[in-house]
Amino acid sequence: MSEQSAPGADGSGRPSGRLLEVDDLRVEFRTRDGVAKVINGVTYHVDAGETLAVLGESGSGKSVTAQTIMGILDTPPGFVTGGQVRFHGKDMLTMSPEQRRRIRGEGIAMIFQDSLSALNPVFTVGFQIAEQFRVRRGMSRSDAKKRAIEMLDQVKIPNAKGRFSNYPHQFSGGMRQRAMIAMSLALDPEVLIADEPTTALDVTVQAQIMDLLGELQRERQMGMILITHDLGVVADVADRIAVMYAGRIVEEADVYDLYRKPAHPYTLGLLNSIPRMDEKGQELRTIKGLPPNLMNIPPGCAFNPRCPMAQPVCREKVPPLLQLGNGRASACHFAEELVNRD
Amino acid sequence: MTENIIEVRDLVKHYPVTRGVVFKKTIGQVKAVDGVSFELKAGETLGVVGESGCGKSTLARVLMNLEKPTGGQVLYKGQDISKLSGGALRRLRRQIQLVMQDPYTSLNPRMTVGDLIGEPFEIHPEVAPRGSRRSKVKELLDLVGLNPEHINRYPHQFSGGQRQRIGIARALALRPEVIVCDEPVSALDVSIQAQVMNLLEKLQAEFGLSYVFIAHDLSVVRHLSDRVAVMYLGKMVEIGTEDEIYERPTHPYTQALLSAVPVPDPTVRQSKAIIRLQGDVPSPVSPPSGCRFRTRCWKAQDICAQEVPLLQIRPGSDHPSACHFAEKREIVVTHEVA
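As they're listed, the protein sequences go chains R and Z.
Residue numbering for the first sequence is 1 to 342, as defined by the UniProt record's numbering.
Residue numbering for the second sequence is 1 to 338, as defined by the UniProt record's numbering.
Honestly, the hints are just simulated from the structure, not real lab data.
Hints may contain errors.
[Said to hold, decoys possible] When the alpha-carbon atoms are kept at most 30 angstroms apart in a straight line, the in silico DSBU-like pairs for lysine-lysine are as follows:
(1) R:K90 to R:K37
(2) R:K90 to R:K161
(3) R:K146 to R:K156
(4) Z:K25 to Z:K83
(5) R:K288 to Z:K202
(6) Z:K83 to Z:K138
(7) Z:K202 to Z:K136
(8) R:K145 to R:K161
(9) Z:K272 to R:K156
(10) Z:K299 to Z:K272
(11) Z:K299 to R:K261
(12) R:K288 to R:K317
(13) Z:K138 to R:K288
(14) Z:K77 to Z:K202
(15) Z:K41 to Z:K202
(16) Z:K68 to Z:K25
(17) Z:K299 to R:K156
(18) Z:K25 to R:K288
Fair warning: this is a prediction, and the values are worked out from it, not measured in the lab.
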């Protein structure tokens, strides 16, 4: 199954010219209550200057994939049981901790949802940014400070010089998120992973932060992986979308294709269940039931108990993520029918 | 539809800011709600939107009589709720119930679902005599779409969406007339959120409930509300029917808020004109003079710093707006129908 579900990868570990590729990644959490299969063969890639949105609900494995890429997966309980994460064609999962550390920050950086707990409360914001220049670039204290102030300025924090010596709690939520962006971009990473960067923010601030991220990405030609559950934000900024469900990619498509004609019933269900501001609808069309327990994923397609299109085959065979052309892929036995319907 | 169930008049709620441990000194006031008036009619849903810190949750707490107002009144069918006590207060509490945001912390983890939903009957035994309680609770579980067999389970055995259903069942137990929903779906995933919203609509139709629906998600509010009130920094800046607010907003803040909502349709990316607000919401301890929105408003003039704009109907508009320069503006981008 792994071979056919891995687009763009030949399994030999040969460089494929991709910036960052996740290839048939498998992660499980070993807990007292049993083994939860959190990632069950995830494959995606991101190139320079491109925004890949990873869309999914809680427990779909979108954040765990990101943590595995960054090498910050909590082990135990989390264990990688298969697959590769290749950066410039080299598998990071087999690298030494020292090699991985060098990639972190300079190669791949990450920003988190909760900026208050991601920043260290006992150091000033400026210190935490400047630290990277001292440790990684060997700069002097004063040079590092100068660079840190430049970074704060770049993320449009007013009065950057004065703000340098503030502590995280003295910043508002939006400002803290800006500071975290400054911190993650300090070493000029090639890939930025943004894990729900605006979920905790108000809409007007969310718009500011998404603008800023887009602007910085264009300037630096970064690849960006945007992890989110918000179908609105995705429609605004993504180039491509990978939809995750129960630890697998169930659909991958260009953003326009995905919203126009989803090729997986789960994606269709998600799109139907968002209340739209421009129409006061009657009843929302919901997805029935609940996401599966990851310790006990249903046989066959994990979505089958909730799927309105489910047939006997869905309970027996796991549908592979098949290419449909045009960069589209769907892991549904009836993907063709979905795409070809009017 | 004409009868006012709840009337709020010039409601003010300030919290003191103190300094010192032994000799507490009040050094300021957090003006959480500062002069808010509206009414809630029988059977309608009033949506209250605004960003964090605008006072919407404080409003909920005062409506529930969990906090005494600093000024102004909340009238339930003409009675001032802060003046009630004893039996009258208990009778009032039966009629107004609350559904809270966080389904994880609002349910006691040591109580079974049966005890959680049945607890209101302990205080109001007239609703359900002792012998009939378990069957009542089972009825309620069934009503909110949970399996009545699960009556002996504990909250941790349920998912977030199911817990929110438990919270709703508990609020419904006493057959109230009004339910105040404080961000009831914001902690839930999209697919689950839709299920809970449908449930709230179904229950309203079935029992003729009135909702005060507080949320920061404008699409959710539009979907459920008949009328919508927009709050900013303790003030109500605009109020009107769902259509008036979303199609013909006249307050600059409402316009900015609506324009910033991401539309789940990539084809409107280019055509969308987003009004970018600068900066953050000012502190409610020392709000700006005059109009509180003026520090972030692109229309601000001298008069905005001097005079507090009243929430009133202005020429060229059909609903009240608290802006000296209120005017219509096309905001909502309709997505293309595929």
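Verification of the hints:
no., hint, result
1, R:K90 to R:K37, "holds, 25 angstroms"
2, R:K90 to R:K161, "violated, 40 angstroms"
3, R:K146 to R:K156, "holds, 16 angstroms"
4, Z:K25 to Z:K83, "holds, 28 angstroms"
5, R:K288 to Z:K202, "holds, 16 angstroms"
6, Z:K83 to Z:K138, "violated, 36 angstroms"
7, Z:K202 to Z:K136, "holds, 19 angstroms"
8, R:K145 to R:K161, "holds, 9 angstroms"
9, Z:K272 to R:K156, "holds, 23 angstroms"
10, Z:K299 to Z:K272, "holds, 20 angstroms"
11, Z:K299 to R:K261, "violated, 41 angstroms"
12, R:K288 to R:K317, "holds, 22 angstroms"
13, Z:K138 to R:K288, "holds, 22 angstroms"
14, Z:K77 to Z:K202, "holds, 25 angstroms"
15, Z:K41 to Z:K202, "holds, 18 angstroms"
16, Z:K68 to Z:K25, "holds, 21 angstroms"
17, Z:K299 to R:K156, "holds, 23 angstroms"
18, Z:K25 to R:K288, "violated, 55 angstroms"
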